[in-house]
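Here the protein sequences line up with chains B and F, keeping their order. My numbering puts the first sequence at residues 1 to 79. My numbering puts the second sequence at residues 1 to 79.
Just so you know, the hints here were simulated from the structure itself, not pulled from any lab data. Be aware that one or more of the hints could be misleading.
Stated by the list, open to error - In silico lysine-lysine, DSSO-like type, Cα no more than 27 Å apart, as pairs:
1) B:Lys20 to B:Lys35
2) B:Lys24 to F:Lys41
3) B:Lys20 to F:Lys24
4) F:Lys11 to F:Lys75
5) B:Lys41 to B:Lys24
6) B:Lys35 to F:Lys41
7) F:Lys41 to B:Lys20
8) B:Lys41 to F:Lys41
9) B:Lys55 to B:Lys11
10) F:Lys24 to B:Lys24
11) B:Lys35 to F:Lys64
12) F:Lys20 to F:Lys35
13) B:Lys20 to F:Lys55
14) F:Lys24 to F:Lys35
15) F:Lys35 to B:Lys55
16) B:Lys35 to B:Lys75
17) F:Lys35 to B:Lys64
Said to hold, decoys possible - From the structure, some residues in chain B lie toward chain F, with a derived Cβ separation under 10 Å:
18) Thr22
19) Met49
20) Val76
Keep in mind it's a predicted model, so treat the numbers as computed, not measured. For every residue, glycine included, the Cβ atom is placed at its ideal position computed from N, Cα and C.
Number of protein chains: 2
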Amino acid sequence: MARIEIRIELKKGVADPEGKNTMKTLESLGFEGVKSVSSVKVFDMELDMSEEDAKKAGEEMCRKLLANPVIQNYKVIVR
Amino acid sequence: MARIEIRIELKKGVADPEGKNTMKTLESLGFEGVKSVSSVKVFDMELDMSEEDAKKAGEEMCRKLLANPVIQNYKVIVR
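One chain only, chain B, in its complex shape (with noise of 0.2 Å):
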């Protein structure tokens, strides 16, 4: 049993209305010296395979389905 992370942001440029407005909230709630905040979407995903097997598969499931490749990056990480 493999397990798997899959991580998908958005790229560089990108606009990401969720980490701008988390951001500000946070400001509003008297947060300092936030920087930055970027929203990520992840998978934690089981796979009954190897773990080679289960990182090739996560990276067929992000060109299939879970990733928008003109806006996102995606990254598969064995755990």
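Assemble chain F onto chain B, guided by the hints.
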């Protein structure tokens, strides 16, 4: 400058419709061996303070804004 990752996960036993639907769709696309899919929300932040203070600030952000303690667990990781 400290960089932290805030991971917000659903507690065990709490329904995860996003994870469930992702798993179903992956299966319908022909991916085999997928045993579980959990959706996780992550915020990457840069904070202008020490790593120790950043970890404390991240935990306070979760308590005050980012996490719902009834259904979610959070973890602050200094990177």
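Evaluation of the provided hints:
no.: 1; hint: B:Lys20 to B:Lys35; in the structure: holds, 11 Å
no.: 2; hint: B:Lys24 to F:Lys41; in the structure: holds, 18 Å
no.: 3; hint: B:Lys20 to F:Lys24; in the structure: violated, 32 Å
no.: 4; hint: F:Lys11 to F:Lys75; in the structure: holds, 12 Å
no.: 5; hint: B:Lys41 to B:Lys24; in the structure: holds, 20 Å
no.: 6; hint: B:Lys35 to F:Lys41; in the structure: holds, 20 Å
no.: 7; hint: F:Lys41 to B:Lys20; in the structure: holds, 15 Å
no.: 8; hint: B:Lys41 to F:Lys41; in the structure: holds, 6 Å
no.: 9; hint: B:Lys55 to B:Lys11; in the structure: holds, 21 Å
no.: 10; hint: F:Lys24 to B:Lys24; in the structure: violated, 36 Å
no.: 11; hint: B:Lys35 to F:Lys64; in the structure: holds, 19 Å
no.: 12; hint: F:Lys20 to F:Lys35; in the structure: holds, 11 Å
no.: 13; hint: B:Lys20 to F:Lys55; in the structure: holds, 20 Å
no.: 14; hint: F:Lys24 to F:Lys35; in the structure: holds, 11 Å
no.: 15; hint: F:Lys35 to B:Lys55; in the structure: holds, 15 Å
no.: 16; hint: B:Lys35 to B:Lys75; in the structure: holds, 24 Å
no.: 17; hint: F:Lys35 to B:Lys64; in the structure: holds, 19 Å
no.: 18; hint: Thr22; in the structure: holds, 6 Å
no.: 19; hint: Met49; in the structure: holds, 5 Å
no.: 20; hint: Val76; in the structure: violated, 13 Å
Hint compliance for this structure: hints 3, 10, 20 are broken, all remaining hints hold.
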